[in-house]
Each structure stands twice: as structure tokens, then as C-alpha cells.
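Asker: Knowing the structure of chain A, use the given hints to seat chain B on it.
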Amino acid sequence: MPRLRKTTERAPAAPGRLAVRKTYKLYVNGAFPRSESGRSYPVTSADGRHLANAALASRKDARDAVVAARKAFGGWSGRTAYNRGQILYRVAEMLEGRAAQFADELLAAEGGTRAKAEELVAAAIDRWVYYAGWTDKIVQVVGNANPVSGPYFNQSTPEPTGVVAVFAPQDAPLLGLVSVIAPVIAAGSTAVVVTSERAPLPAVTLAEVLATSDLPGGVVNILTGRVPELAPHLAAHADVNALDLTGTGDLARELEETAAATLKRVLRPREDEDWTADPGLSRITPFLETKTVWHPVGV
Amino acid sequence: MADQIFEYAPAPESRSVVSIDPSYELFIDGAFTPASGDERITTLNPADEEPLAEVAVATSADVDRAVAAARRAFDEVWGPMPGAERGKYLFRIARIIQERSRELAVLESLDNGKPIKETRDVDLPLAAAHFFYYAGWADKLPHAGLGPDPRPLGVAAQVIPWNFPLLMLAWKIAPALATGNTVVLKPAETTPLTALAFARICQEAELPPGVVNILTGAGATGRALVAHPGTDKVAFTGSTEVGREIARAVAGTGRRLTLELGGKGANIVFDDAAIDQAVEGIVTGIFFNQGHVCCAGSRLLVQESIADELLERLKARVERLRLGDPLDKNTDIGAINSAAQLARIRDLARAGAEEQAVGWSPACELPERGYWFPPTVFTGVSQAHRIAREEIFGPVLSVLTFRTPDEAIAKANNTPYGLSAGVWTEKGSRMLWAANRLRAGVIWSNTFNKFDPASPFGGYKESGYGREGGRHGLEAYVNA
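In order, the protein sequences belong to chains A and B.
The opening position of the first sequence corresponds to residue 1 in the numbering used here, with each subsequent residue numbered one higher.
The opening position of the second sequence corresponds to residue 300 in the numbering used here, with each subsequent residue numbered one higher.
No wet-lab data here; the hints were simulated from the structure.
All C-beta atoms, glycine included, are put in the ideal place defined by N, C-alpha and C.
Don't take each hint at face value.
Unchecked claim - Straight line, CA to CA, 30 Å or less: simulated DSSO-like cross-link-like pairs of lysine-lysine:
hint, chain 1, residue 1, chain 2, residue 2
1, B, K749, B, K710
2, A, K60, B, K726
3, A, K137, B, K439
4, A, K137, B, K726
5, A, K60, A, K25
6, A, K71, B, K710
7, A, K137, A, K22
8, B, K614, B, K710
9, B, K710, B, K726
10, A, K137, B, K614
Said to hold, decoys possible - Just so you have them, the derived chain A footprint on chain B, three or more residues with Cβ under 8 Å:
hint, region
11, 754-761
12, 764-773
Chain A with its partners taken away, still in its complex shape (with noise of 0.2 Å):
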């Protein structure tokens, strides 16, 4: 099991004590993998100090990522809703116990407020809470009987689509992070996750947390890197059921395109997207199949 840091570790350093630096890692199948390129990259505050390294992701790291998804999906779609709904919340309740941290690197990510910042990671936890709340609600709220002119019990209800390549926004690190990771599990898919390029710190913290909690691994796997160098592979991948291009920007037509040639599901970037507004399902229903199923009543 990948170990905690505490989060006392981003304390200032005492005077003259050398500081540890960090060289981060994906999180694959449960797992922090290095990158199998053995690549890494710096990240930089928005005053440009250095960060930290975080992995530089290949296309083979995002192949092995749907797998583990692949793997996961099973298992995650079944279990029940309000299993789904108890390990979703105490990803939230860890979420809570890990404020002040993403506090600290929203606020070097972002610059700004400390009291900014910490409004944004508050808003982040309510909505994993908010997602969490929806596990077992979702398929009575999109699904229904239907009155068919016969003899027939006749019901439709959603099911999660399989595996969705997630390509986190750029800019808006962890509460657009969580918008849209949370929707996707929390109806039962499993998620192959590109983080913000600039800010990916937030996201590898997220890692420790979902590596630590009762999320069985696989279900999230969080790679840092370049939406340019990973996303074509995703979106032609046959395995990857749906996309949500939320942070590939200028790309997205492009990946739209290369989309077309497995029929995936896609759910296209939105201008000016409000993180803070209430999402309602609007992020979980594209990664919904419905499903009806006919029976005949009789004697």
C-alpha cells in the first residue's frame, strides 16, 4: 500500500534544513507507477517557483490505465448504489481531512487568496458529497416503467457506460478536478483521468486519497501529462467507451473526429463552464446507457 505523506510535510522547512524534493508518480490499477517512459516533468507555481516533478505520461502508461479501468469496471458497476454511495463518502470525509493541503497548492497553483483558495477546496468536497448523494438515486430519477400496449412488464433503466477518459480542465484544478471525475464513478463507470497539465499537483494529491480510501483500484486512474500526446491515443482506443473533453480545448474537434471511428460516447467542452453552479446530472447522464427490458405477464 502506497504510504501517506502528512500533511505537515509543506510546512516551511525549519532554517537551514535541505528540503525533500518530490518527483511524483501516476496512479494506474491502484498503484503509483512511474511513467514507463521514465519521463517527468517541473511544475511550477503561478509565480513560477518549482513545485514539484510530476510524471510525464506516455500513450503505453494510457494504455495500461484502460486496462486497469477495463478490469475495474465489473466489479464497480457491480456493486450496489449505496455501496457506491458509502466509499464515495468517505472519499469526501478524507477529502475534508486533507483541506489545508489543497488549500496550499491550489493557492501556489492559482496564486490569489488564501481565503479563495479554501473556498474552492470546500466547494470541492461538497460536491464529491453532492455525487456521492446521487449514487443511489440516479436510476430512479432517469429511469421508469414503461405502459406498453400489452401484456408486458416493461422497464427501462440506466446503466453506466463502461470506460470514460476523462480529460480534466486546465484550469481550474481541483474543483473542476472532482466536477468531473465524481459523475462519472458515482453512476458506476470507471475513469481514466488526464489532469491539468499546469496544475496536476491537486490531482496527484486527490491519487493519495482515492489510494487510501475504499475505492477499489482501478476505478480512477490519474495520469499527469500532455492532453496533445495522450488524448488521440484515448480517443481511438476500442476499449474507452466515452470521453469527456472537458480540458482538451483547441483539440476537441479533432478528438471528436477520432471519436467517430468507435462511436463513442462524448461530451463536448462547454465555453465559460461555471464550476461553482449546480451541475445537476448534467455530467452524470452522458455516460448512461439506458437499458429496457421486456418480460411477458401471464399465468
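Answerer: Using the frame of chain A, we list chain B on its own:
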């Protein structure tokens, strides 16, 4: 035994209940208007290869005109109209379809080749019911669970296939109009006539001009329509290949898209199934509509312990199917829709034989003229065979066996498609277990090929996305 059974006497439906014009123009802005080009298509009766009529081929200039008419109608009339009023137009249309259903059924059977029994008892009642169903939604959209004020998208470009021409038209047009959109619809190249009859129904219903526009043509017309930047929504039913092409064309434009594509449905028969019912379901699953059904149960997965008995009964049942004149009320299997489709079915059936699967067809006389293919059952099929992987879209069943329930599910899901599946078992818990695990949009348990306007239909994976029918079908045509 056989000599004690009376032969069926011919029971032909009258062709004279329908009059077909020698030639049809495009239906744009409420009127039939000539195409800007000279090209025409001749539509044939596939049962005897006799020409039925000529239809215009819409050019891209005609597509421009139709989209402009639809836009005008959307902006000025149909969009602003209260839902209750829109609904009443749809109720009118539904009623007219019912009133003229005999005529339309004959017309459909002539143009498509499908048996009158099916057009009369399935296509027409369902088409009318679809308009009735969505008519009632028009003034109740805030209750559909799609937000407090669902808004129409605008102009919908719709392209439909030849296997259920009028029914697919209803699936496309009824929800689009109910939600306040206007449409430009292209019927299939080989089956344009009921769509043109529908254009006249729109006139009879006094539907405002431009709300429904019908453009006949072939692939080029369809491509021009789905690529048209003046449309807000594309809806397509047809092959997965064309679906990919359309998804590429729509990518990056921000226009909405729903696709109902191919399938390779698994029909799973467990050892405790009621065998005679299962046999009926297998026959319905693959031979209904000559197998020209995207959700056909084209892969039979039968538990090994009952395979011999089931196949024996299945063959005995298939031997009783009557193939021939689509207008004969006793006909079970009509004509293959076109020469091109017949060639594809023959090609895949040949591939089945070449890959060492064992083909069987009943002794059955095929008419001399027209496009015909006998009901065919392939046994000894493995998952790698082309006939187990590719959509044949014809009366050809591939039989595979399994030993355990897990193996059945694994084989059923081993396909890029995910449109339909069937489960035959008398054990409720097993039925629900299987239904949960099958990755397909429609699961028929102890039944097959049932459709209803209230029941959402559509696929997982490469069978497309979006649903048609039911409350879910509204979502494809609104901004929530």
C-alpha cells in the same frame, strides 16, 4: 402426416386499394416541387422487380431549400406555437394514418417486399401509435424530467433505412415535432413511397408548410443533408459504417446527434426454457421482416444439453414458414428488399459455408422473379466466424452453444454491437441475472422483437447512441 394438411389457398390483399403515381417530386415547404437536377430513381417492387414509380433525387441545392423552409417554419410558426396546438396536429396525423392504414400497408409491402401480415399488424399500428404517443407529450414537456423548460433544437436532419420505412419515419418525425423542431427527412433510396404518402398526409392534416420536408435520393443526398450547417440536429438509423461517417461529419460542429445502428443480437436459450415458446421466439427473432431488423436475434446461443432437441424443433417450425408473395395474407417471409442486399446476404452465407459452418434451409421454392433468400440456419458456428460477428441483415441464423450461464453472457457480449438480446428461461432470478449482465439496450426475456412507442429503443457500444421511444426519446430533440 404432411398429406393430411390442407394446402393454403391464395389470400391476396388487394393491390387496388392504393394508387401510385408514375412520378414523384420533392416535398419542400408544404408542396411537391421539382428537384434542381435531372436525376431520378426508379423504385422497384422487390417481389417481382417491376418498377413502381420514379422519384426525384434531391441535390445539395434542394437540401438548401428544404433546410431554409424548415428554418423558416421553425422560427415563424412551429417553434412559437403552443405545445397543445402542436400536439393536435400530431393527433390529426396519427388519426389519418389509422384511417389509411390498409392503403399504406399495401404500399409498404409493394415497395419494401415485406409480408402484408407484418405491415398490417406491426408497421402501421405502431406508426400511428407513435404519433399518438408523442402528440400527447407536446404540451407536457416540463414534466418529462428534462428540466423545467425544455427547448427545441431547431431543424432536424433525419435519414432513415428501408427495413421499416414508415415506422422509422414515425420514430423520427413524431418526437421531433412534438418537442417543437422542424424536420428534413430523407427516406431510403429503395423505399421512398410511404414517406411521399406521408407528405400528402401532412397536407391533409394542414400541417404548416415547412414543418416536415421530405427529400428523396440516395447516399449523396443523405450526405448533403447530414452535413448541412443549417441543421441543429442529425438523427440517423442505418448501418454502423454510415453511422461512423456521420459522427465524423458532425464532430466539432456542436450539432446534436443520435444514431441507431447495426446489431448482432444474441438470443440465449437456457436448459430450463419453455422450448416451444423459445422456438417461436427464435423464429420471430431472426425471420421477422426477412431478418432485415437491426435488433434481430441473429446469434442463437443455446445451452448444450438441449441443443439437439431445440434445433430439431426449430427446423420443424422453419419448414412450416411460408415464403412468397408479400401481399398474400398467409405469407411469413417476403422478398429481400434489394438486389444489393441480396448480394450481401449471399456473400455472408457463402462465407459461413467456407468457414465450415453447416447451413440448412427448408425445402422451399423461391419465386422466379424478384429478390429471395430462403430462411437459413447455420450450426457449428464459432465466435470467430464472420457469420457470428458481422451483421447479415437477412434471414440467416447462426447457432452457437454454451455450457454455463457465465459462458452464455461472455459470448453474448463478445461483439462490438449492443442493440438487443434475448433470454429464455423459466427461472425469474436467472432471467434478471442475465438481463443485468447483457450489454445491450433492449433485452427481451421470453419474448423477442417487441416494439412499443412508450418503450425506449437504442443501443450500447457501436450500435449507436440515444434512444427512440418513450420519455427517453424526447431527450434527443431538446435542450434541457
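Asker: Does each hint fit the structure? Answer for all of them.
Answerer: Now for the hints, and whether the structure bears them out:
no.: 1; hint: K749/B with K710/B; verdict: holds (23 Å)
no.: 2; hint: K60/A with K726/B; verdict: violated (45 Å)
no.: 3; hint: K137/A with K439/B; verdict: holds (23 Å)
no.: 4; hint: K137/A with K726/B; verdict: holds (28 Å)
no.: 5; hint: K60/A with K25/A; verdict: holds (15 Å)
no.: 6; hint: K71/A with K710/B; verdict: holds (17 Å)
no.: 7; hint: K137/A with K22/A; verdict: violated (41 Å)
no.: 8; hint: K614/B with K710/B; verdict: holds (23 Å)
no.: 9; hint: K710/B with K726/B; verdict: holds (20 Å)
no.: 10; hint: K137/A with K614/B; verdict: violated (47 Å)
no.: 11; hint: 754-761; verdict: holds (count 7)
no.: 12; hint: 764-773; verdict: holds (count 5)
Checked against the numbered hints given earlier, this structure breaks hints 2, 7 and 10; the rest are met.
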